[in-house]
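S.K.: Residues per chain, in single letters:
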Amino acid sequence: AQSVTQLDSQVPVFEEAPVELRCNYSSSVSVYLFWYVQYPNQGLQLLLKYLSGSTLVKGINGFEAEFNKSQTSFHLRKPSVHISDTAEYFCAVTNRDNNNDMRFGAGTRLTVKP
Amino acid sequence: GAGVSQSPRYKVAKRGQDVALRCDPISGHVSLFWYQQALGQGPEFLTYFQNEAQLDKSGLPSDRFFAERPEGSVSTLKIQRTQQEDSAVYLCASSLALRGASGNTIYFGEGSWLTVV
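Protein chains in written order, with the numbering used here: chain Y, 194 to 307; chain B, 1011 to 1127.
Simulated from the structure, these hints should not be mistaken for laboratory data. Please note: incorrect hints may appear among the correct ones.
Output of the computed footprint for chain Y on chain B, the stretches with three or more beta carbons under 8 angstroms from beta carbons of chain Y [to be verified]: (1) 1052 to 1066; (2) 1116 to 1124.
Every beta carbon over 12 angstroms from chain Y, so not counted as near; a handful from chain B, in silico [what the hints assert, rightly or not]: (3) V1014; (4) R1019; (5) K1021; (6) V1022; (7) K1024; (8) R1025; (9) Q1027; (10) R1032; (11) S1072; (12) F1075; (13) F1076; (14) T1086; (15) K1088; (16) Q1090; (17) S1097; (18) V1127.
Heads up, the beta-carbon is just placed ideally off N, CA and C, and yes, glycines get one too.
Using the sequences and the hints, build the whole thing.
M.R.: Following this line, the structure appears as structure tokens:
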């Protein structure tokens, strides 16, 4: 089965600085990849997803991610963060043959400081 | 409604009590998922419905956990004889597409926060 590793449990960063949240996946088959954001006491909101085609995917709120098949990575980036980006970010993977079985990483807590 | 709705949002149960958590998916969504999210962890898959059929329940942690979706819309997750390790957020999600469909976007509810004391 597929799995996801988020390498950083917490990432503190100052406002307007760039940020990268790291995600590596493991799967023996082709995958779809996702990033979700979870604000306090709320559900998960889809930021972006990679299905096929261009390896650079742009999402909402100025976030983007790059799929790297050789490194089995799908890192999330934003060139300039805001205080409002403070949240928990989850990387997730499904295999293309079984879209139901979405596996999540443990999450990365992004804290943006003024 | 506009999104996935879950109730209750917060539930405190005494150990040994039965609980029922409700999920109203987005209207017309065929697929429905339940996830369990322990504190500080990512969501873990519990079970999947396609309309009223429960096609995958491989993630249910024990036979105390039971889910149903009798009319292919609202779903209920029931936990019998709750234990402290059941304390978690239970997330419901739905999607328009069928199993295996390409580009399937899954929409999550805000979760039901269960605390077993």
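S.K.: A separate judgement is required for each hint: does it hold in the structure or not?
M.R.: To see whether the hints hold, each was checked on the structure:
no.	hint	verdict
1	1052 to 1066	holds (count 7)
2	1116 to 1124	holds (count 6)
3	V1014	7 angstroms, violated
4	R1019	8 angstroms, violated
5	K1021	14 angstroms, holds
6	V1022	16 angstroms, holds
7	K1024	23 angstroms, holds
8	R1025	25 angstroms, holds
9	Q1027	24 angstroms, holds
10	R1032	15 angstroms, holds
11	S1072	20 angstroms, holds
12	F1075	17 angstroms, holds
13	F1076	19 angstroms, holds
14	T1086	18 angstroms, holds
15	K1088	21 angstroms, holds
16	Q1090	25 angstroms, holds
17	S1097	16 angstroms, holds
18	V1127	20 angstroms, holds
Violated hints, listed in ascending order, are 3, 4; each of the other numbered hints is respected by the structure.
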